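Protein chains in written order, with our numbering: chain A, 1 to 240; chain B, 1 to 229.
Calculated from the structure, these hints are not laboratory results.
All values derive from a computational prediction rather than experimental measurement.
Worth double-checking, as some hints may not be accurate.
Unchecked claim - Derived DSS-like pairs (lysine-lysine); straight-line CA-CA distance at most 27 Å:
#1 A/K139 with B/K120
#2 B/K4 with B/K143
#3 A/K71 with B/K4
#4 B/K185 with A/K128
#5 A/K71 with B/K94
#6 B/K65 with A/K65
#7 B/K157 with B/K64
#8 A/K3 with A/K95
To be verified - The calculated label-pair distances, taken between Cβ atoms and stated as ranges, are:
#9 B/R202 with A/N164: 53 to 63 Å
#10 B/R202 with A/T20: 55 to 65 Å
#11 B/E192 with A/A51: 44 to 54 Å
#12 A/G56 with B/L165: 45 to 55 Å
Note that CB positions come from ideal geometry on N, CA and C, so glycine has one too.
So you can see what is in the structure, the chains are spelled out below.
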Amino acid sequence: MSKFEFYGEGLAGVNLEELTGTLIVIEGTDGVGRSTQINLLRPWLERNGHAVLDTGMTRSALVGKGLKRAKEGNTLGSITLSLFYATDFADRLEKQMIPALRAGFVVLTDRYIYSLIARAIVRGADPKWIKSVYGVALKPDAIFYLRVTLEDLIPRVLNSTGFNYWESGMDMRLGEDLYDSFIRYQTKLITQFDAMSQEYGFQVIDATRSIDQVFNTLSRRIERLLSKEEAGSLPRLATA
Amino acid sequence: MPMKMYGQHRFPGKLFVVEGIDGSGKSTQLSLLQQWLESEGYSVFFSAWNSSPLVKDTTSRGKKKRMLSPTTFSLIHSTDFADRIEREIIPPLKAGAVVLADRYIYTAFARDAVRGVSPKWVRELYRFAVKPTIAFYFRVPLKVALGRILWGRADLKFYEAGMDLALSEDIEESFEIFQGRIIEKYEEMIKEFGLTVIDATRSIEEQQAEVRTLVARKLDGLRKVRIGR
Numbered sequence: 001m002s003k004f005e006f007y008g009e010g011l012a013g014v015n016l017e018e019l020t021g022t023l024i025v026i027e028g029t030d031g032v033g034r035s036t037q038i039n040l041l042r043p044w045l046e047r048n049g050h051a052v053l054d055t056g057m058t059r060s061a062l063v064g065k066g067l068k069r070a071k072e073g074n075t076l077g078s079i080t081l082s083l084f085y086a087t088d089f090a091d092r093l094e095k096q097m098i099p100a101l102r103a104g105f106v107v108l109t110d111r112y113i114y115s116l117i118a119r120a121i122v123r124g125a126d127p128k129w130i131k132s133v134y135g136v137a138l139k140p141d142a143i144f145y146l147r148v149t150l151e152d153l154i155p156r157v158l159n160s161t162g163f164n165y166w167e168s169g170m171d172m173r174l175g176e177d178l179y180d181s182f183i184r185y186q187t188k189l190i191t192q193f194d195a196m197s198q199e200y201g202f203q204v205i206d207a208t209r210s211i212d213q214v215f216n217t218l219s220r221r222i223e224r225l226l227s228k229e230e231a232g233s234l235p236r237l238a239t240a
Numbered sequence: 001m002p003m004k005m006y007g008q009h010r011f012p013g014k015l016f017v018v019e020g021i022d023g024s025g026k027s028t029q030l031s032l033l034q035q036w037l038e039s040e041g042y043s044v045f046f047s048a049w050n051s052s053p054l055v056k057d058t059t060s061r062g063k064k065k066r067m068l069s070p071t072t073f074s075l076i077h078s079t080d081f082a083d084r085i086e087r088e089i090i091p092p093l094k095a096g097a098v099v100l101a102d103r104y105i106y107t108a109f110a111r112d113a114v115r116g117v118s119p120k121w122v123r124e125l126y127r128f129a130v131k132p133t134i135a136f137y138f139r140v141p142l143k144v145a146l147g148r149i150l151w152g153r154a155d156l157k158f159y160e161a162g163m164d165l166a167l168s169e170d171i172e173e174s175f176e177i178f179q180g181r182i183i184e185k186y187e188e189m190i191k192e193f194g195l196t197v198i199d200a201t202r203s204i205e206e207q208q209a210e211v212r213t214l215v216a217r218k219l220d221g222l223r224k225v226r227i228g229r
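Between the sequences and the hints, there should be enough to build the whole structure, so can you do that?
Right, here's the structure in full:
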């Protein structure tokens, strides 16, 4: 029996029974500290003897660069943008995540399909359509949604890179300037995330707390998940 | 603005597309149609498969380095198509022009299905496409098409020949098997999408006359927007 299943139609040529690793998703809007947590989780997992692959958006060998270049221009339409991201996702799923899961790794992914679905819907995509596109995705073992309110987000952005064009949704001209647009865009994104929380079974993590507190919550839950999986596989090994 | 799906768009312009395997003569027919429409005074726009300036570098790199799986092959072509729909196809249709497309979503449906991608998934993927005014399918037996190509060009490419499917070690044989399977998929789609079948074994002139007659019937009330003379 396979541990994994696809959300929808799935990928051609993948035998799910071969996938023995663990797929863990860290989700959340821009600036909530996802990459900070992944940078702490990875060495922690490795110290505990788990092999880890971490991946994140636009890191595919196929479209990573092309997508970044396309975003520099001013002609990228919203459907095109969504599908460019979907191509990047599928390439990473097939070339990075699935091989790692086959080899028994813990896969830590900085965002998954949920950010991409939220962004597409905010840009006017038909929800049924974009969810069907991501029917190629595997259902993860755990989805941790790092949640902050908009009020918490603003100082975080000010303290890091400042407001940028895409994170402010300026392609949609939601406001007069980057700040106004950022507020409207991120509010819409948070609304989409909250709506998906139930549908996809997110574990909501309060990310307004300190880095250490968030890490403690995450590591405790991941530890529990991994020990449950080991408990599930050990008896079978014993009888083999 | 909610996203419009296949069959839901209402534009004053007209969209004519040609489909068929390599060597069916569809591009020749489309180019003759374009010249005629322009000489009649219509404003004509042309969009070719796999030609988006934003996407095609990624696609050609993926093909050259053989990085594409059936799924990413499908997705990168849909990205290219989306860019052309958003920039080359919808705006002229809104403006009341004629848009001609050399290959359309049916090419993707046929090729991707042959590659083992779920037909249901790929149809949903392209649901943002505008339904063509007429979709011509140039039907030709495999042997005839192969004869036309083999004197036309000799350098078959890896994905074009379906070499990723490991159908045969020999590239020409692989191409033949692959094209044969694509014909089967086109035949299945005639009814599903109401493709207009053109017998592409006839002379170029006969085919073009039929195409022009069918197109002319759809041009009633379309403004001739060209200025000049």
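Hint-by-hint comparison with the structure:
Only pairs whose Cα atoms come within 27 Å are accepted, and A/K139 paired with B/K120 is accepted, the gap being roughly 20 Å. Proximity of B/K4 to B/K143 is assessed by CA-CA distance (about 40 Å); at most 27 Å being required, the pair is judged violated. The straight-line distance between the Cα atoms of A/K71 and B/K4 is roughly 24 Å, inside the 27 Å bound, and the hint therefore holds. Proposed proximity of B/K185 and A/K128 is supported: the alpha carbons are some 26 Å apart, at most 27 Å.
Our distance criterion of 27 Å between C-alpha atoms is met by A/K71 and B/K94, whose separation comes to about 26 Å. As the CA atoms of B/K65 and A/K65 are separated by approximately 15 Å, the hinted pair is consistent with the 27 Å bound. The hinted pair formed by B/K157 and B/K64 meets the criterion: a straight-line CA distance of about 9 Å does not exceed 27 Å. Taking the CA atoms of A/K3 and A/K95, the gap is near 20 Å; set against the 27 Å cutoff, the hint holds.
For the hinted restraint 53 to 63 Å between B/R202 and A/N164, the CB-CB distance of approximately 58 Å keeps it satisfied. A hinted range of 55 to 65 Å holds for the C-beta pair B/R202 and A/T20, which are about 58 Å apart. In this structure the supplied range 44 to 54 Å holds for B/E192 paired with A/A51, their Cβ-Cβ distance being about 47 Å. As the Cβ distance of A/G56 to B/L165 is approximately 32 Å, the hint placing it in 45 to 55 Å is violated.
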